[in-house]
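> Residue numbers (the UniProt record's numbering): 1 to 180.
Treat the hints with caution; some may be incorrect.
To be verified - Using 20 angstroms as the maximum straight-line C-alpha spacing, the simulated PhoX-like pairs for lysine-lysine come out as follows: (1) Lys95 with Lys147; (2) Lys22 with Lys119; (3) Lys34 with Lys8; (4) Lys128 with Lys147; (5) Lys91 with Lys147; (6) Lys131 with Lys147; (7) Lys173 with Lys128; (8) Lys95 with Lys142; (9) Lys91 with Lys131; (10) Lys149 with Lys173; (11) Lys128 with Lys91.
Claimed, not checked - Here are the computed distance ranges between Cβ atoms for each label pair: (12) Ser160 with Glu63: 14 to 20 angstroms; (13) Asp32 with Arg92: 42 to 48 angstroms; (14) Ile29 with Lys62: 25 to 31 angstroms; (15) Phe132 with Phe13: 44 to 50 angstroms; (16) Leu87 with Gln27: 36 to 42 angstroms; (17) Asp107 with Gly56: 20 to 26 angstroms; (18) Trp7 with Phe64: 35 to 41 angstroms; (19) Ala67 with Thr115: 14 to 20 angstroms; (20) Glu144 with Val40: 20 to 26 angstroms; (21) Val23 with Ser160: 24 to 30 angstroms; (22) Ala79 with Lys142: 15 to 21 angstroms; (23) Ala135 with Leu87: 17 to 23 angstroms.
None of these hints come from the bench; they were simulated from the model. By construction, the Cβ of each residue, glycine as well, lies at the ideal position given by its N, Cα and C atoms.
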Amino acid sequence: MKTNGPWKIKDSFEKYKNPWIKVREDQVIRPDGKDGIFGVVEMVAGVSVLPLDDEGFVYLTKEFHYAVEQDSTEVVSGAIDNNETALEAAKRELKEELGVEANDWIDLGIINPFTTVIKSPATMYLAKNLKFSEANPEGTEKIEILKIKFTEALRMVMESEITHGPSCVLILKAAEYLRR
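Construct the entire structure; sequences and hints are all you get.
Here it is, written out as structure tokens:
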């Protein structure tokens, strides 16, 4: 019998799948020894990028997100495509969404924003030494580009004006990285 930490998995059933997410239901023996079920949503791994220019400005996206039914201000984020490294995906997403390329990339680690039932790791990068060109967002994206001082982005996180989990963590980690 397969195990997952203190859980024993008796059986696993894929309930739904599309190119971005997979939903499964596991028949389990819980840590207390009782039978149970556990639902898991697996999302494609992703990246989040905070571009910072030499004058202390960051470039964020503001776009409507269908699932939360509202506009959201965020760092550049997207999925890692097949056969692509996290860094390659970060570079592609930054170019696609903002029309920005960076010479310096600082890996600020991985975040798992929803550890209870959603598997959705995102690798976070601080991008510096920027070059600007034309953005080329996907057809599902209508992006407004925001150029704001990094201190303003920090304030927006602390005032819950930025609520996207990976964006909040990346902005706070970047502040600590830059402080050192």
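> Hint by hint, say whether it matches the structure.
Structure-based check of all given hints:
| no. | hint | result |
| --- | --- | --- |
| 1 | Lys95 with Lys147 | holds (16 angstroms) |
| 2 | Lys22 with Lys119 | holds (10 angstroms) |
| 3 | Lys34 with Lys8 | holds (10 angstroms) |
| 4 | Lys128 with Lys147 | holds (14 angstroms) |
| 5 | Lys91 with Lys147 | holds (19 angstroms) |
| 6 | Lys131 with Lys147 | holds (14 angstroms) |
| 7 | Lys173 with Lys128 | holds (15 angstroms) |
| 8 | Lys95 with Lys142 | holds (15 angstroms) |
| 9 | Lys91 with Lys131 | holds (12 angstroms) |
| 10 | Lys149 with Lys173 | holds (16 angstroms) |
| 11 | Lys128 with Lys91 | holds (12 angstroms) |
| 12 | Ser160 with Glu63: 14 to 20 angstroms | holds (18 angstroms) |
| 13 | Asp32 with Arg92: 42 to 48 angstroms | holds (45 angstroms) |
| 14 | Ile29 with Lys62: 25 to 31 angstroms | violated (46 angstroms) |
| 15 | Phe132 with Phe13: 44 to 50 angstroms | holds (48 angstroms) |
| 16 | Leu87 with Gln27: 36 to 42 angstroms | holds (38 angstroms) |
| 17 | Asp107 with Gly56: 20 to 26 angstroms | holds (21 angstroms) |
| 18 | Trp7 with Phe64: 35 to 41 angstroms | holds (38 angstroms) |
| 19 | Ala67 with Thr115: 14 to 20 angstroms | holds (19 angstroms) |
| 20 | Glu144 with Val40: 20 to 26 angstroms | violated (34 angstroms) |
| 21 | Val23 with Ser160: 24 to 30 angstroms | holds (29 angstroms) |
| 22 | Ala79 with Lys142: 15 to 21 angstroms | holds (18 angstroms) |
| 23 | Ala135 with Leu87: 17 to 23 angstroms | holds (20 angstroms) |
Checked against the numbered hints above, the structure breaks hints 14 and 20 and satisfies the rest.
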